[in-house]
Amino acid sequence: MEKEKLSFWQKKEKELIYKRKNAWEKISDKEKKQIFDLVEQYKKFLGYAKTERLAVEFIENFAKQNNIKYFKNKEKAICLIKKGRMSIKNGVRIIASHIDSPHLDLKRIPIYEDSNLCFLKTHYYGGIKKYQWVNVPLSLIGVVIAKQSRKININIGEKENDSCFVISDLLPHLANKQMKKDAKEVITGEQLTAIAGNIPVDDDKISEKIKLYTLNILREKYDIAEKDIICSELQLVPSFAPRDIGFDKSLIGGYGQDDRLCAWASLNAIKNIQTPKYTSIVVFVDKEEIGSVGNTSADSYFFENIILELSKDEDITKQVKTRDIFKKSLCISSDVAMAIDPNYADVFEHQNDALLGSGVCIGKNTGWGGKFQGNDASAEYMSKIIELFEKNNIAWQSTTDGKIDEGGGGTISEYFSKFNMDVIDIGACILGMHSPFEISSKIDLYNLVKAHRVFLENL
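Residue numbers 1318 to 1776, in the working numbering, belong to the letters of the sequence shown in order.
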């Protein structure tokens, strides 16, 4: 059959107009199987690493199994390093992501009883829609540091036969006033209290019978008392496991994909490079969801200390200043982007925001309104990245963060750009960001893994 000839303007359209495509197009059955197999590995990580500490534990074990050098920071941040052929005085290649996700922290004294029920008081962490966290099965995960510095690991709700915890919502029969409230106030922060028990002790001389029964369970199982919980880091996180979504199983649903999707992609990338030209560093930090504050965040001295340690290894600290190493380095801040949701089309900028399944998201700038508190990558660096991706057949799309005055978003890019290195935001887009069950596309994760690898190997 004779191929239809393109008109002059059809040729010009193809030549001049930028159009995003669905990255699943022209994917062979063999490659599709590879993608689905790769995602099964990711789902294991996502289902396990539901807290920062568990993410660090997973990454540390990964580094040991693959003989990769690493530095750990206070159980909640970590970096992996593969030495390059060139000295670090020529710069390094960095991929940085965060491993914290929105969740509910237990308050310092969380247990109380009311109306024949025992509850756990919480304080939400990060930007959440509070109403999304009611009537959801929750797991309690974290550590308690008891007397004599005994570290007790708590993990309740993740196994099939475990009990879980839940925050109840008001029944619709009595919700006339509630339904008239602003969405921010439908569920208040103080109402995010999780049900933890119903059985009392059999003693009329005890005033808080159900609370005491609950505390006695904790004593018998973990040898802790209420005072010990003051020295704890305990989180309530969604109990459900990652799942495939759709008839075609092309999507992934799960808790914490912001930003553990990007973290896992960089793990996979550094595992599969041999000896790169430049020293490769993948960094995983905490506290991004609350503004990158604290000693395990991107704004701490953790990364700078890593460069100092590497400088000592090469004995170049006297000849080369760390700021000169930073200046010659290149960095990807890898975080998820917001995908266009057609159910809420009016808040998205459809010409510039991301589409699920159209590949890696390249964000030139982050920030709010007039680009406040954001990084803005140079045109030169963006061009270099796009050229690299196209050369290596990586599906990509240019992305932003919704309509200008609707909101915005930030990443850890600004904390690396302060070192005077080139930094750009590259990740994958998701639906339902910061909800208990975020949605991503398998083809985007696949392209992100490829993108991270070619960056470390070829740039």
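FYI, nobody ran anything at the bench for these hints, they're computed from the structure. Quick reminder that beta carbons are idealized off the backbone N, C-alpha and C, glycines included. Don't take every hint at face value.
[Said to hold, decoys possible] Simulated restraints on C-beta separations: (1) Asp1658 / Ser1466: 40 to 50 Å; (2) Asn1682 / Lys1329: 27 to 37 Å; (3) Asn1709 / His1667: 19 to 29 Å; (4) Lys1476 / Asn1709: 34 to 44 Å; (5) Asp1632 / Glu1723: 24 to 34 Å.
Given the range 34 to 44 Å, decide if the beta-carbon distance of lysine 1476 to asparagine 1709 lies inside it. At roughly 41 Å between Cβ atoms, asparagine 1709 and lysine 1476 fall inside 34 to 44 Å, so the hint holds.
Holds or violated: 19 to 29 Å for the Cβ distance of asparagine 1709 and histidine 1667? The hint (19 to 29 Å, Cβ to Cβ) holds, given that asparagine 1709 and histidine 1667 are roughly 28 Å apart.
Regarding aspartate 1658 and serine 1466, is the given constraint of 40 to 50 Å on their beta-carbon distance met? Given a distance of about 47 Å, which is inside 40 to 50 Å, the answer is holds.
Taking the Cβ atom of aspartate 1632 and the Cβ atom of glutamate 1723, is their distance within the range 24 to 34 Å? At 52 Å between Cβs, range violated.
Does the hinted range 27 to 37 Å hold for asparagine 1682 and lysine 1329 at CB? 30 Å, holds
Going down the numbered hints, you'll see the structure goes against just number 5.
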